[in-house]
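2 protein chains.
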Amino acid sequence: MTLPHAVIETPVFMPVGTAGSVKAVPQHLLEELDARIILGNTYHLYLRPGHELIRRMGGLHRFMSWPRAILTDSGGFQVFSLNELRKVSEDGVEFRSHLDGSSHFFSPEHSMEVQIALGSDIAMAFDECTEYPADYSRARRSLDLTLKWASRSKEHFEKHKHERPWDESAELRAQSSDEQGAGIREQGTELAFETTDMGHPAEPTQANRGLKWGTVDFEGKMPSLFGIVQGGMYKDLRRESAERLVEMDFPGYAIGGLSVGEPRELTREVIAETLPLLPADKPRYVMGVGYPDEIVEYAAMGVDMMDCVLPTRAARHGLLFTSEGRLNIKNKKFAQDEGPADPECGCMVCRRYSRAYLRHLMAAQEPLSGVLNTLHNLAFYLETMRKVREGIEQSA
Amino acid sequence: MTLPHAVIETPVFMPVGTAGSVKAVPQHLLEELDARIILGNTYHLYLRPGHELIRRMGGLHRFMSWPRAILTDSGGFQVFSLNELRKVSEDGVEFRSHLDGSSHFFSPEHSMEVQIALGSDIAMAFDECTEYPADYSRARRSLDLTLKWASRSKEHFEKHKHERPWDESAELRAQSSDEQGAGIREQGTELAFETTDMGHPAEPTQANRGLKWGTVDFEGKMPSLFGIVQGGMYKDLRRESAERLVEMDFPGYAIGGLSVGEPRELTREVIAETLPLLPADKPRYVMGVGYPDEIVEYAAMGVDMMDCVLPTRAARHGLLFTSEGRLNIKNKKFAQDEGPADPECGCMVCRRYSRAYLRHLMAAQEPLSGVLNTLHNLAFYLETMRKVREGIEQSA
Numbered sequence: 001m002t003l004p005h006a007v008i009e010t011p012v013f014m015p016v017g018t019a020g021s022v023k024a025v026p027q028h029l030l031e032e033l034d035a036r037i038i039l040g041n042t043y044h045l046y047l048r049p050g051h052e053l054i055r056r057m058g059g060l061h062r063f064m065s066w067p068r069a070i071l072t073d074s075g076g077f078q079v080f081s082l083n084e085l086r087k088v089s090e091d092g093v094e095f096r097s098h099l100d101g102s103s104h105f106f107s108p109e110h111s112m113e114v115q116i117a118l119g120s121d122i123a124m125a126f127d128e129c130t131e132y133p134a135d136y137s138r139a140r141r142s143l144d145l146t147l148k149w150a151s152r153s154k155e156h157f158e159k160h161k162h163e164r165p166w167d168e169s170a171e172l173r174a175q176s177s178d179e180q181g182a183g184i185r186e187q188g189t190e191l192a193f194e195t196t197d198m199g200h201p202a203e204p205t206q207a208n209r210g211l212k213w214g215t216v217d218f219e220g221k222m223p224s225l226f227g228i229v230q231g232g233m234y235k236d237l238r239r240e241s242a243e244r245l246v247e248m249d250f251p252g253y254a255i256g257g258l259s260v261g262e263p264r265e266l267t268r269e270v271i272a273e274t275l276p277l278l279p280a281d282k283p284r285y286v287m288g289v290g291y292p293d294e295i296v297e298y299a300a301m302g303v304d305m306m307d308c309v310l311p312t313r314a315a316r317h318g319l320l321f322t323s324e325g326r327l328n329i330k331n332k333k334f335a336q337d338e339g340p341a342d343p344e345c346g347c348m349v350c351r352r353y354s355r356a357y358l359r360h361l362m363a364a365q366e367p368l369s370g371v372l373n374t375l376h377n378l379a380f381y382l383e384t385m386r387k388v389r390e391g392i393e394q395s396a
Numbered sequence: 001m002t003l004p005h006a007v008i009e010t011p012v013f014m015p016v017g018t019a020g021s022v023k024a025v026p027q028h029l030l031e032e033l034d035a036r037i038i039l040g041n042t043y044h045l046y047l048r049p050g051h052e053l054i055r056r057m058g059g060l061h062r063f064m065s066w067p068r069a070i071l072t073d074s075g076g077f078q079v080f081s082l083n084e085l086r087k088v089s090e091d092g093v094e095f096r097s098h099l100d101g102s103s104h105f106f107s108p109e110h111s112m113e114v115q116i117a118l119g120s121d122i123a124m125a126f127d128e129c130t131e132y133p134a135d136y137s138r139a140r141r142s143l144d145l146t147l148k149w150a151s152r153s154k155e156h157f158e159k160h161k162h163e164r165p166w167d168e169s170a171e172l173r174a175q176s177s178d179e180q181g182a183g184i185r186e187q188g189t190e191l192a193f194e195t196t197d198m199g200h201p202a203e204p205t206q207a208n209r210g211l212k213w214g215t216v217d218f219e220g221k222m223p224s225l226f227g228i229v230q231g232g233m234y235k236d237l238r239r240e241s242a243e244r245l246v247e248m249d250f251p252g253y254a255i256g257g258l259s260v261g262e263p264r265e266l267t268r269e270v271i272a273e274t275l276p277l278l279p280a281d282k283p284r285y286v287m288g289v290g291y292p293d294e295i296v297e298y299a300a301m302g303v304d305m306m307d308c309v310l311p312t313r314a315a316r317h318g319l320l321f322t323s324e325g326r327l328n329i330k331n332k333k334f335a336q337d338e339g340p341a342d343p344e345c346g347c348m349v350c351r352r353y354s355r356a357y358l359r360h361l362m363a364a365q366e367p368l369s370g371v372l373n374t375l376h377n378l379a380f381y382l383e384t385m386r387k388v389r390e391g392i393e394q395s396a
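For the protein sequence lines, the chains are A and B, in the order given. Counting from 1, one number per residue, gives the positions in the first sequence under the working numbering. Counting from 1, one number per residue, gives the positions in the second sequence under the working numbering.
It should be emphasised that the hints constitute simulated quantities derived from the structure, not laboratory data. Where hints are given, some of them may not hold.
Because identical chains cannot be distinguished in the list, a pair is counted as satisfied if it fits within a single copy or across any two copies.
Unchecked claim - In silico DSS-like cross-links for lysine-lysine, where the CA-CA straight-line distance does not exceed 30 Å: (1) Lys148 x Lys159; (2) Lys333 x Lys148; (3) Lys332 x Lys23; (4) Lys161 x Lys330; (5) Lys330 x Lys23; (6) Lys148 x Lys161; (7) Lys159 x Lys235; (8) Lys161 x Lys387; (9) Lys159 x Lys387; (10) Lys332 x Lys154.
This is chain A alone, in the form it adopts within the complex (with noise of 0.2 Å):
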């Protein structure tokens, strides 16, 4: 999947750097995993410091200092999620700041205007993410508005896209002391998408690896977004969403409005349900997923992008995803454990500390304990997705 910041190879796990940063975790660190793509939340950026301010700073890459790929999603899901007391209509979401209490208004207009101004590779459509459990009545008007939204939204995006604020001719500020560091990519204007047979994955190229930092060239270079399929857990309206979705022709098609508080058998089957209705030969992304089980199990069943707060939450919590299964570091029984986290690991955690290290910086509730365990768990995220991609098959 070849972006204006980077060319990414699918399936892809994609960390999340909620308010502009991967917590805990330095950018060139997160080069270093070979993270190539990573989420913004529309949401957070807005409310602080401010997709204007962003905007100014020349985008959220530069603000950052990441000059690989971002994806924002459109805050439809904080508006919600965060928000007890909100309005909706038809023209949009009314909501109070969680910060400050302050009242603010998301539109599908508004979202494609904040994420344009935040200048992410990958937008998102505004849509309704719809709760669960959720009655079919429920679904089914949450979905109606999800889907004029849908349309508001491209309709936005295609007419404001070109005002991202990239340097048409810009060289990023930080040298990256690493030449096998972050880099850009020319690569044509529009999003271009390479399908492989899972079984034959994509060779990665030399264009592809060891990318230097540079001076960058975006001009004709555009954004993309992506729509949301909902629906909720019915088979009949996750299709017509589907296929009203793909009547708009989007770029790429995320499946929404799942994990949220549904049985994963449940998750399984709409996905089942819902990917073949996608096209294959565009990105397919499936949002808020996974354990590590999970985003294994999806992409073999096609799914090409996942996001999730697991591996970096989880971290902060001392909860470590292992080849040995999950591990709570806090536990008693690591306290003079020499081992590694994980022994089949070759992270830069695994090959330097122990586990009782691990433990003893948890519970001494030192700061370098989250940065140690979030490095550790987005490598094995990450590394269970490279060997997906090369066909192996991976075990949780």
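Please build the complex by placing chain B on the supplied structure of chain A, with the hints as guidance.
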């Protein structure tokens, strides 16, 4: 200064790694900053995770994966500063853990036992850090205790130092991805200290640059115990303390009981009076200082070693030290400042991130804020000392 775990060029500033971690900074980044020696706090590590556990794990170097040098304080300062209810007798100090209120007893012998178990390169005598202000008779009594304790510290240390838990021949697990990473130098078994005229700094040699990981041979190598000069702010008591310690013949000497609330002119005065009483051909260490201009000043006076939580603690509060003076990164005026924290700093933070982004991270209470601020402040301090060593005057 050649220690078992590293060659240290002096004057040197030692970052503080209180509970086995320099807060928020992974060890490999400490190595990138070229920190050669850090502090560990005996009091904290004794309480958690415990010196016996660390001894069993092969010592603090192995436990925290820091292959360079470690100096441990005696625990004396925290015993007094963190504990309102404490009972001092000639034997030692009874106190309660600030963690869980449990009762503990520290004596010179016990402090030595803990520091030997931790396996520091340099241990400090167990002293009573005289509070400020203290009248003459109080400082007198405190000094009497400290001198008795210095003698007991030395006796116990000399008898048991060989019990340090360094493997006689051990390959440290961590692999530094960077050839220029941490390393171990074998050079004699005693503390070797080379003094130089400030105008002619010791040449950095091939031997002490680009230290490599490798097989360590600690056979015959021993830790060193430094004595600590007390005496409050009284010239004659300080003189007596210095002379009595020199009689005991320590391999290095520290001036303690400063930065305890006294005005800076008094700090300077005490250092100026005491330093010449300590042998110039042995390391002279002022504990707990200071601001950037202070450490430059004291280094010019002949101080070889200093430590302070200031760069790291201030960082976590948003106070950055720069060539243009101190700045509070939280300040609104930085909200759109595209420039680096310090235009004259070449550290990994200033090369990559803007003041606006650093400010955003603080405002958003992102964990990365502490990481980046700390990396910069440490780089600033270490670079300040490096310039001093090169004979270039650094104005703070």
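Legend entry - Non-conforming hints, listed in increasing numerical order: Structure breaks hints 2, 4, 7, 8, 9 and 10.
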